[in-house]
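Please build the complete structure, drawing on both the sequences and the hints.
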Amino acid sequence: MRREGYLAAATALLCVLAVATFLLVPGAVATHDTDAPSHLDIDEVTVAPGSVTGNAVTVQFGVALDHRGGPADNVSLTIRAVDAESGLVAAETSTQVAEIAGDREHRSRTNLTVAREGGYDLVAILYSDGERIDVERGSIHGVAGLSPTTIEFKRFETAIPTIDYTIEAAGDEQATLAVRTHLWNAGVDPAEGATLELVARQSDSNVVADRTTIDVDRLDSGQAVAPDAQLTVPSGYGYHLDAILKHDGVIVSSASSIADLDPDREIEADTTFESVPFEAEDFTEAEDVGETDGPTRPTATSGPGLGVISALLALAGIGLVSRLGGRQ
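First residue of the sequence shown? That's 1 in our numbering, and the numbers climb one at a time after it.
Read the hints as simulated data drawn from the structure, not as lab findings.
The following label-pair restraints were derived from C-beta to C-beta distances: (1) Thr158 with Asp217: 20 to 30 Å; (2) Glu197 with Pro277: 18 to 28 Å; (3) Asp260 with Glu197: 13 to 23 Å; (4) Glu168 with Val89: 50 to 60 Å.
Nothing here was measured: the structure is a model prediction, and the numbers come from that model.
Just so it is clear, CB atoms sit at the ideal spot from N, CA and C, and this is done for glycine as well.
Encoded structure:
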């Protein structure tokens, strides 16, 4: 019995020493997360329009990174926009990614500001310790179609004109027109800060006979208004009535109609209408990740079944419309 007692005491002592070593000695037990190689790649890239000013638009990028294995540190993400026509780099930004630990998805967000015109080829590049480990590519088109406001002219499918007028006073020398147009908020959020300029141009000479400016009140989503103002013009002529919508001094859209005060002459309407939709094409996995000098780091390897880019949201356009001349 004494031998069994000694063995039990020795076993208990060994257990105590093992627990103490685990708790008090750093690094005595190596974990899987610390020693395992890190696998990191780009899983998905999304693009959305952000703030829009007169000549620039901020594009918002959401990048999902897929991580497996040990912690990944010293990771950075570069977003580059290349002009689709010239091939020149228009803008570039780099973001440092915080250390990623555990098998999970990590989301990183960054913004890039580009000129509000044309289209751009987009490149998302993932680096680890200065080495390129993954690349994704996409593109955006119709950037000029992004408007600084969601207030726009109401275009009717019927014969209702966007601009109409009535003659409030008529004399031998002058006539007073009450000109009205239709606006609405086509966005999902309230909008304000827009102004409307109404102009009467003599149809033959294009000389401006009168003009006035109206401040557009705050409009809730879907709300429509019909601002009007008086224009005084010489009698006996035909006129183009132009409505120019602005936001912070930026021309957003325009519409035009005619006022025929010359009964012996018909005014020809020269009407144009253009819609420029904003579109974002799918990001696809790039094949030219590129070779780096020196050996490849474990973080540059992608494990099987980690997936590649699915699809980027396709953004329906915010149209920049221009309609000049003529009744609708």
